[in-house]
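Enquirer: So the protein lines, in turn, are chains A and B.
Under the numbering used here, think of the first position of the first sequence as 36, with each following residue one higher.
Under the numbering used here, think of the first position of the second sequence as 1396, with each following residue one higher.
Warning: the hint list may mix true and false statements.
Stated by the list, open to error - Covered by chain B, according to a simulated footprint, are these stretches of chain A (three or more residues, beta-carbon under 8 Å):
#1 154-162
#2 198-207
#3 366-380
#4 477-485
#5 497-509
#6 523-530
#7 537-548
Think of the hints as simulated: they come from the structure by calculation, not from any bench.
We put the CB at the ideal spot given by N, CA and C, even for glycine.
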Amino acid sequence: METGSSFQQLGMQQALEPPRQQLPGCGKCSTMGGDPGKDPGKAAVCSGGSGIGKGPVPMVCSTPCGNPYAGLVSHLRASWLSGKTRPMEYRVAQLEALGRFLDDKKQEILEATELDMGKPSFEAFFSEILLCKNELNVTLNNLCHWMKDEHVDKNLVMQLDSAFIRKDPYGVVLIIAPWNYPIHLFLVPLIGAIAAGNCAIIKPSEISKHTERLVAETLSCYLDTDCFAVVTGGVPETTRLLENKFDYIFFTGSPPVGRIVMTAAAKHLTPVTLELGGKNPCYVSDTCDVTNVARRVAWGRFFNAGQTCIAPDYLLCTIEMQEKLIPALQKAIDDFYGPNPRESPDFGRIVSDKQFQRVQRLLGSGRVALGGQTDEAERYIAPTVLVDVQPSDPIMQEEIFGPILPIVVIANMDEAIDFINSRERPLALYAFSSDDKVVNQVLERTSSGGFCGNDTLTHMTLTSLPFGGIGNSGLGMHHGKFSFDTFSHHRGCLKRGMGWEPLNAPRYPPYSQQKFGVIRAAAKVTHRWRLPPMRSASIVARPAFDAPPHAHAQCPRGRPGVRTPEGPWGR
Amino acid sequence: MEKMQQVVGRARAAFRSGRSRPLEFRIQQLKALERMVQEKEKEILAALKADLNKVGPSAYSHELLAVLRELVRAMENLPSWAAPHPVKKDLLSMRDEAYIHYEPLGVVLVIGAWNYPFLLVMQPLIGAIAAGNAVVVKPSEVSEKTAQLVADLLPQYLDKDLYAVVTGGAPETTELLTQRFDHILYTGNSNVGRIVMAAAAKHLTPVTLELGGKSPCYIDRDCDLAVACRRITWGKYMNCGQTCIAPDYILCHPSIQDKVVENIKETLKEFYGEDVKSSPDYGRIINQRHFKRVLGLLEGQKIAHGGESDEASCFIAPTILTDVSPESKVMEEEIFGPVLPIVTVKSVEEAIEFINLREKPLALYVFSKKKQLIRRVIAETSSGGMTANDVLMHAVVPGLPFGGVGQSGMGAYLGQYSFETFSHRRSCLIKDLSWEVVNKVRYPPGSMEMMHLAKLFLLKQCSKSRVGQFISALLGAVKAVVAKVIFYLQTCN
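Take these sequences, add in the hints, and give me the full structure.
Expert: This is how it looks when you write it as structure tokens:
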């Protein structure tokens, strides 16, 4: 129901705004933003069908398959084909508009996330705004660099030609975001999609409804509505949306829905990135500073009330370590949230009643060592630590996604590694030890999307590291340049000269034994003449990690963003 | 069913043992593969001759040579490809290790195609081995001799458990696809590509699809037609037109159409002689089914050259069609045979529009003397790969990724791109357990001051921010002073 109306609003805004409307000065927009704001009451009255009827349909000729979103998608595709999203200036303008969206709507975002899941303002500020701004700045600073054609090595025959990789935008991409970080998880992929020159449809989660409304109502004031649209709705709407052909689909959510998305994508041969979840193990070895471990684990686990896809899901440690950890965790929880976390402004709530009941059921596993209190009315679950948890307990069968930390006792590191390897590959893996060897052993003998030694969550704050899962925890990756690459098709291009035709003679028929000999000899010669590979100096031995990082292997010259005509955009 | 389960289970168990991970092992397996290609050259060439009438020099240079080159490239560069890749850090993680670690995905399925039956299974196999995976190879059953040969040879040279070969047709492949893999690389057509991806979705398996498509070839009026046609003729009629990146059709101005036909005719004579059928360098269509399909495309068309065929030997002569209507059947599907339709367009704008109206092709070719025009065609179209003033050659350049976009596929491989395709890029951050004070910024209870501190630490990348520059300058100065002092002390002693 609500979907229909939101969609109608979207359509109306599109129809009202002149096609080439640019972002600055949202004076007019703010009134428009206000208009739909009054609508929610009406929303319940409008039927989805009528909303759709008044949608973007008039702008496009037809909706051949009767799909309610076909008009929108083809309108965006037409904008993409017009080539307007390709110039760097356009991309930069849109990205800067996103920055303005974050600045202008900061308060609204904090309020909406607070209403949705009682997100503490610091957490919301940190994860929804700060990290997005960071991503935005990195992208703006480096975009001109990322967009450049990447010239590659050539073989002997082609010394006169130019061979390069062109970063082509895909076209119209679909971004489906979840509810746990409702701004961050659509904005970060969107930054990549815009940076790569695509048009995008964003589908925020219908569960975090206040944020969904905020995004649907205000984002169009900032972005070019011919190229970027927000579609709202639940499962039926998303199913219809997925029937359309997209050029890329970026999905964040759960593995079962990931399968559905990928199956739908297969029909149109659309590439996908799936950011899914999983049970992220956290191994704590016997030699470590217990206080610091407890603080770092508690922070990661109870951040956003445990509703973080990369939160440590369970602890693996020996029984002795468990004895030491419980008081330390208690102390950390007290330090963070005070004696009664329920009163703390820094502790969040579960997003919905359904989720609350699911998480509450999981409390039945093992024995409650710390916390355990719940309040259904507020959807509050106290920071909880469970002990005596068996691997067969319900809590060990699914991703917890709530403020509960079960401890599974193992005898030693080998057992911990076996435990981890006998399960699906997680999105993140954590290992704590004062001994580097232990951390490295866990790293090398396991597999996971990302790895963080001696801390939790922080590996995702580095935009220079790719963020993505493996196996059941997802496929593909994003963040920083990886987002840009994800949303770009890497097109191999070769420009040859028309001259020097005799050089091509060996490849043309009629083939003869002589030509055969020439080809073989040439192959041998090129083999022997090959220059040593560029990076061979750093091979075999692991490079020293505290050496100056050379993250930009492809663009060695100059610092990013400095040599642009307009000067650096970074602020 | 059980057989497939067994094959994949054995490969997975072997992968779990971890023996495919050390670089020495991977290089040793690649060396064995190189030995196989060198020692069994005769057998491989015989199989290719039996399947596709590919003979000595062309078979050698198109299939074996490319495999050998790929092997050399992988063996030479593997250590640098596989080395952990340190990344930029921000102020909060200055003291930590942050790097990307390339790790194998697990068990990889490679499904080959029949048009280059040896090359198209070996190239992905090399990448998958280099990345440290276990591999199940499924060569195309259509090129049965080569498939059998691959099944016979691989176990003789490679680790039998880690690298398995499965032969068979659609039923076997369907069964195989019910198994869980960690990556699937499929080369073939888009219909099967959809089936493969849907099967992969059940297990959330990433896929690389190398499909085909109608690769356009635009010839500008302003270019050396003789050379252009020579290059096009070579690429089009190589392997009897059964090349996924072969130029599928020509777009050119009506005024040069006749000259194009003349030039191609002449080149054909030069390449294959007066009697193409008896030329040892001209291939055959793979089977009766495809033979009939390709012949069907000629119906109702104006044949400017060729058109002869012989069903018994699956021979179709090099054929050129002129004034082809964009709506005709030959312009609807990938031709995959020695038939070259010419569609006339009035300008480069029309050509670009023509290309953009259709599905994104696997390759795109443009011939022109004008650099500006080439640049424009590249910028305003999309395709898997592209070559200007030649055909096919972008697939030969060692540093370029090979892959399609849209209907022509997804993902890319060859060389380093193969290695990356078959590797998981695991982000690793190893922090210090001490220095807890720094973390105060992020812990609750939160406050406005904390927010500002967090902003300072996180918002600016150290390479860009003034704070970062200042600090690194300061650190540099301190380092220099310390070095001086140490040097001084040492010389004193």
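Enquirer: When the structure is checked against the list of hints, which entries are broken? Sort them ascending.
Expert: none
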